[in-house]
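**Q** Each chain is listed here by its residues.
Protein chains: 2
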Amino acid sequence: MKAAFLAIGSELLGTDRVDTNSLRLTEVLERYGVPMTRKAVIGDDEEEIAGEIRHLLSHADLLLISGGLGPTADDVTRAATGRALDRGLHLDEEVAEGIRRKFESHGLRMPDINRRQAQVLEGAELIPNRRGTAPGMRLDTEDGRTVFLLPGPPNELDGMIESHVEPWLEEHTDGGQREHRTLKVACLPESEVEQRITPAYEDFGRQTISILSQPGEIRLRFWAEGGDEARHGRLDAIETRLRELVGPAVFAGSEDEELEGVVGDLLRRAGRTVVTAESCTGGLVAERLTRVAGSSDYFLGAAVTYTNELKQAMLGVSEEMLREHGAVSEPVALAMARGVRERLGADFGIGITGVAGPGGGSEDKPVGTVHLTVVGPGRPNGDSDEIHRKVRFPGDRERIRRQTGQLALELLRRRLLDQPGVAT
Amino acid sequence: MKAAFLAIGSELLGTDRVDTNSLRLTEVLERYGVPMTRKAVIGDDEEEIAGEIRHLLSHADLLLISGGLGPTADDVTRAATGRALDRGLHLDEEVAEGIRRKFESHGLRMPDINRRQAQVLEGAELIPNRRGTAPGMRLDTEDGRTVFLLPGPPNELDGMIESHVEPWLEEHTDGGQREHRTLKVACLPESEVEQRITPAYEDFGRQTISILSQPGEIRLRFWAEGGDEARHGRLDAIETRLRELVGPAVFAGSEDEELEGVVGDLLRRAGRTVVTAESCTGGLVAERLTRVAGSSDYFLGAAVTYTNELKQAMLGVSEEMLREHGAVSEPVALAMARGVRERLGADFGIGITGVAGPGGGSEDKPVGTVHLTVVGPGRPNGDSDEIHRKVRFPGDRERIRRQTGQLALELLRRRLLDQPGVAT
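As they're listed, the protein sequences go chains F and E. Just so you know, the numbering used here puts 208 at position 90 of the first sequence, and the rest follows in order with no gaps. Just so you know, the numbering used here puts 250 at position 132 of the second sequence, and the rest follows in order with no gaps.
Source of the hints: derived by calculation from the structure; they are not laboratory data. Hints may contain errors.
Said to hold, decoys possible - Calculated lysine-lysine pairs in the BS3-like style (CA-CA distance at most 25 angstroms, straight line):
{"#": "1", "chain 1": "E", "residue 1": "K508", "chain 2": "F", "residue 2": "K220"}
{"#": "2", "chain 1": "E", "residue 1": "K508", "chain 2": "E", "residue 2": "K483"}
{"#": "3", "chain 1": "E", "residue 1": "K483", "chain 2": "F", "residue 2": "K220"}
{"#": "4", "chain 1": "F", "residue 1": "K508", "chain 2": "F", "residue 2": "K483"}
Said to hold, decoys possible - Rough simulated footprint, nothing fancy, chain E against chain F, three-plus residues with beta-carbon under 8 angstroms:
{"#": "5", "segment": "141-148"}
{"#": "6", "segment": "168-179"}
{"#": "7", "segment": "420-432"}
What the hints assert, rightly or not - The calculated label-pair distances, taken between Cβ atoms and stated as ranges, are:
{"#": "8", "chain 1": "E", "residue 1": "N499", "chain 2": "F", "residue 2": "R507", "range": "49 to 55 angstroms"}
{"#": "9", "chain 1": "E", "residue 1": "G365", "chain 2": "F", "residue 2": "E460", "range": "48 to 54 angstroms"}
{"#": "10", "chain 1": "F", "residue 1": "E310", "chain 2": "E", "residue 2": "G412", "range": "33 to 39 angstroms"}
Idealized CB from N, CA, C, for every residue including glycine.
With these hints in hand, go ahead and build the complete structure from the sequences.
**A** Pasting the structure below:
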């Protein structure tokens, strides 16, 4: 079986957006051993879309289409598919009623134009949309090919991949033959990771492992093929070797695990709570911690103190200290973490102060200079439970803030790995 | 003239990379008024590529191809183009010599495989590569179409865009004739915006205006063609009409302006400061406000209060109120905004409390229920300066939080537009 993908939408032919939905679909296809052989992007023109659908179906057995299922006049995917496959389109009153009820549940009246989304292609199986209004569809052509019409918004697409595309692949393939795993590494430079894993390239082949890098986070992805047992055995062997070579900077063994979730799990298992005192990150670490559902189990709150006055009033940093060392300094970062921990009543306090730029840098404290601290409830062996790091991050404001947030979470994670009762 | 783009390379059909070269080319095309009408990605298979080139040339006058010009066996773009256009391929000794010298200048001997890069298509104009070894090519077909073969690495591609693609466009078009502008709209449903701008479709043509939607934000993009004066006049006319039809929900007149930046400018011009008290958003609004360089001019700090205890301790919300109304209620949201405004000493306080889910919902307060408040320094006419909105957002945790942040900023923006001295 060979797959192809078509992204529909004039906005994907402009200067600022590219299709990324194909990545989500390719990942699922890969798990079932189905190669993605070509992708195309086309604008909202019914005739052009119909032509492209016919073209792609002459090269693939499975065609995945995303976008153009909205309610507006330029959402023509339904009509174009009907034209390409010579199938009629009718308005399904039951679907229309379902869409009407969705609006109603938010206290809204369904605009008339949304009735377009209730148009169904002859012979199509409907795919309910749990996260939006437009249903998807699956059609089998007379010559045994399959077409999925899927929505453009990623969260709606994900819902349908899970509910319908995956089960269909499960049924129509022998199950996965080629599989990959991902290890995620925090706060190490790419070149350092590359150097550490060189022996694994020699053991398993350079093509087997790839390194994907972004600020503060590196992903190691590795592949194996063959039957279930051989494939899993080989993935286990590569994973063990890589974890051994990279060490404790590996924080996750799958693509969807984020550092804030890993830290959250460690806090929950340790029965500990955390609060943050943030200056240059402006609440970014608190925001990341609370992205995780259930974070109220361990996250209590945060004090964002952008001014010196608020560092004093909210955290008890002394005026003398600020005058003597400046706001971006080790003593102030420590006082922030201590202050927030005590005043907000948590086990761990994180303190962050730095120069995110582009202004505010000096010869002494250039843009990118950040002091990070983690203050805890005391270590069992009586050692100090205060961690401080001074770093200088490269890049622009956004990159400096992102790397700072990542390192703050990583420092807390490393501290929690020492916590009794928490396995490494 | 219509353009199409083909990216060649199996690595662009995997799970972690998408083509972005098309964005660079689209930007240049747009300046010369040439629409990009379709894009495709295909793997390193000579026959498949040849078929795709023929397909794309049947829909476009200008075909831009990137990738597959390297020295290895899977770099087959040259051969595939020859096959598609029925042109022979010969080794050009002069080109080979040039590549050899490039290696030599780095103290290296040219590997034999690099001789492949000296293969030139019959009738092609060679495009020198100042930043790599593979030359590009331009070919005119017998039926008057043009094909550019360009390298995949972005810096090499950029060099050839500048040296050859732009000059070619300059010569083959009337110069820049087509231009777009973008208006950004906050916190209105797509269908509502569509309905409001319907008269503009009638005045200027449906194809002229497109709607791009994401949670809490809609972009209206519109195009005009012709000479400088006519084009700008028409863009002005469309912009005026759209602003009139959509009203004050239009917050920006260009792609790069973000809501947090617009709010920041309004605060700075009014000489006002802001602080936030956040529960379900966990610091997201503070984080957004501080993304903006120079935000310390008007942003002082924030209290993130995830627990009831911290709502009391940090913001002075009373225990009775929390017991009587629950944390997600109008009185608590108002008390949060009042408390943070007074305690942190700012002109404006934002208060946010809600159920971001997936847990924590009830029949009375289902997931997505959010109370937002903005409390200010008093309106000149003596009217109340407290705004409250209760909403129920659709979607998952991330979407609910994003929409909440957007609405909080939008409520403050609307309030600031009433501020004396600030133009609407």
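**Q** For every hint, state whether the structure bears it out.
**A** For each hint, the structure was consulted:
no.	hint	result
1	K508(E) x K220(F)	holds, 19 angstroms
2	K508(E) x K483(E)	holds, 11 angstroms
3	K483(E) x K220(F)	holds, 17 angstroms
4	K508(F) x K483(F)	holds, 11 angstroms
5	141-148	holds (count 4)
6	168-179	holds (count 4)
7	420-432	holds (count 10)
8	N499(E) x R507(F): 49 to 55 angstroms	holds, 52 angstroms
9	G365(E) x E460(F): 48 to 54 angstroms	holds, 49 angstroms
10	E310(F) x G412(E): 33 to 39 angstroms	holds, 35 angstroms
Consistency with the previously given hints is maintained throughout, with no hint failing.
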